[in-house]
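There are 2 protein chains.
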Amino acid sequence: MERHHFEGDLDTLKHRLLHMGSLIEAQTHKALVSLLERRAELARAVIEGDAAVNLLQMEIDDRCLKMLALQQPMATDLRLITSAMKMGADLERIGDQAVNIAETALRLQETPPLRPVIDIAEMSELAQKMTRDALDAFVRRDAALARDVLLRDDRVDHLKDTVFRVLLTHMMADPGTIERALGLILISRNIERIADHATNIAEDVIFLVEGKDVRHHHSGE
Amino acid sequence: MERHHFEGDLDTLKHRLLHMGSLIEAQTHKALVSLLERRAELARAVIEGDAAVNLLQMEIDDRCLKMLALQQPMATDLRLITSAMKMGADLERIGDQAVNIAETALRLQETPPLRPVIDIAEMSELAQKMTRDALDAFVRRDAALARDVLLRDDRVDHLKDTVFRVLLTHMMADPGTIERALGLILISRNIERIADHATNIAEDVIFLVEGKDVRHHHSGE
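Protein sequence lines, in the order shown, are assigned to chains A and B.
Residue numbers 11 to 231, in the numbering used here, belong to the letters of the first sequence in order.
Residue numbers 11 to 231, in the numbering used here, belong to the letters of the second sequence in order.
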């Protein structure tokens, strides 16, 4: 296998990961718009769209394994390929969270709206931006941007706690809201997990660029 | 690097993974006993014990990367090493769930017990057994056992739904139980995720033994 062939494979791998990233971004965005604007057709599109995400992850995994087997890459290339496998797994799990949100959003649409879900909207904006920036950091090999993503995880956790307290108060004041409030609490946990996966991707980028394993060392963990 | 040296490294890798498996098993078990028997010291031990789990995952990752870089393994060995990386990640995440359960268990101990948490106990038994069997399947290269683990995921999902309905009814009948019921609902989600990670590990085992990617194909997904 010649070097220029290998470079081509690496390039394709990066493009497939970015393609997966935009698919995931669209899925997450649709799921949250479906929740906030009560649009059932969007939620259904997210649920149907998950199969494509899963296929893409399996394809990426397969590409990585083949590159590892056939081309026996060293050092940086090796890190790139193993990081790509991890990123694919994290993106796929973000996709699962989008499906969970869509499913709950569908259920919530059968009942009157609970309240303006402002904190959830902010949480979801943050988590989506974290995912996008983690992938941008990957493309640009930008460890500084990746570190910035790590820092934002605390804000998401803080919002999650606020959402929890506000909804708990609602439920206790008016038990008629319990079922809906519960749905929103679960959605806030799904968003928190999206932010966690974005954090994982950012950690992979730092490892890729600097060869340094920063998991379990940054704040907010 | 000679072949017998490589065999030794593979052996060490397997042993470290199994060691991580028993650590995780102990963490999960302690977290759930802490919940069911209201023992705060166990919950605290789980929270403190997470650092060792994280270190172990980083060590396993590092071993895998070094083996990939220095020994350029082919075919089955390559699959074993990449699967080990994935399994380490899943085990680490099971550890995170054990910590989440321990934290909620600590909070719940400040209030009177809600009810016999029978379904949660059954869920947790199932999830622990799934994790143990997935690791056994790995050691014995037993694809049949791994497939059996996959089938059990449906039962966990079913119990999760039951727990949700029962606790929702509680909350609506007696708003004084809302906060505690919520805690138990979140714990049931943590257990569900443990079962999901055990499922991931079982899928890795099937891939390892049969070279077949069964993700997103078995029932219950």
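Keep in mind the hints are simulated off the structure, nothing from the lab.
Accuracy of the hints is not assured; some may be wrong.
Identical chains share a label here; the pair holds if one copy fits it or two copies do between them.
Using 30 Å as the maximum straight-line C-alpha spacing, the simulated DSS-like pairs for lysine-lysine come out as follows [as the list claims (entries may be wrong)]:
#: 1; residue 1: Lys170; residue 2: Lys76
#: 2; residue 1: Lys139; residue 2: Lys24
#: 3; residue 1: Lys24; residue 2: Lys170
#: 4; residue 1: Lys76; residue 2: Lys222
#: 5; residue 1: Lys222; residue 2: Lys139
#: 6; residue 1: Lys24; residue 2: Lys96
#: 7; residue 1: Lys139; residue 2: Lys96
#: 8; residue 1: Lys76; residue 2: Lys24
#: 9; residue 1: Lys96; residue 2: Lys170
Comparing the hints with the structure gives:
Neither within a single protomer nor between protomers do lysine 170 and lysine 76 lie at most 30 Å apart by alpha-carbon distance, with minima of 41 Å and 39 Å respectively. In this assembly of identical chains, lysine 139 and lysine 24 lie within 30 Å of each other by CA distance solely inside one copy; the values are 20 Å within and 38 Å between copies. Taking CA atoms no more than 30 Å apart as the test, lysine 24 paired with lysine 170 passes in neither setting, with 33 Å inside one copy and 38 Å between copies. When the C-alpha separation of lysine 76 and lysine 222 is checked against a cutoff of 30 Å, the pair qualifies both within a copy, at 25 Å, and between copies, at 14 Å.
In this assembly of identical chains, the alpha carbons of lysine 222 and lysine 139 lie at most 30 Å apart only when taken from the same copy (24 Å versus 35 Å across copies). When the C-alpha separation of lysine 24 and lysine 96 is checked against a cutoff of 30 Å, the pair qualifies both within a copy, at 13 Å, and between copies, at 20 Å. Both within a single protomer and between protomers do lysine 139 and lysine 96 lie at most 30 Å apart by alpha-carbon distance, with minima of 20 Å and 26 Å respectively. In this homomeric assembly, lysine 76 and lysine 24 come within 30 Å of each other (Cα to Cα) both inside a single copy, at 15 Å, and across copies, at 23 Å.
For the homomeric pair lysine 96 and lysine 170, the shortest alpha-carbon distances inside one copy (26 Å) and between copies (28 Å) are both at most 30 Å.
Hint check: violations occur at hints 1 and 3; the rest are consistent with the structure.
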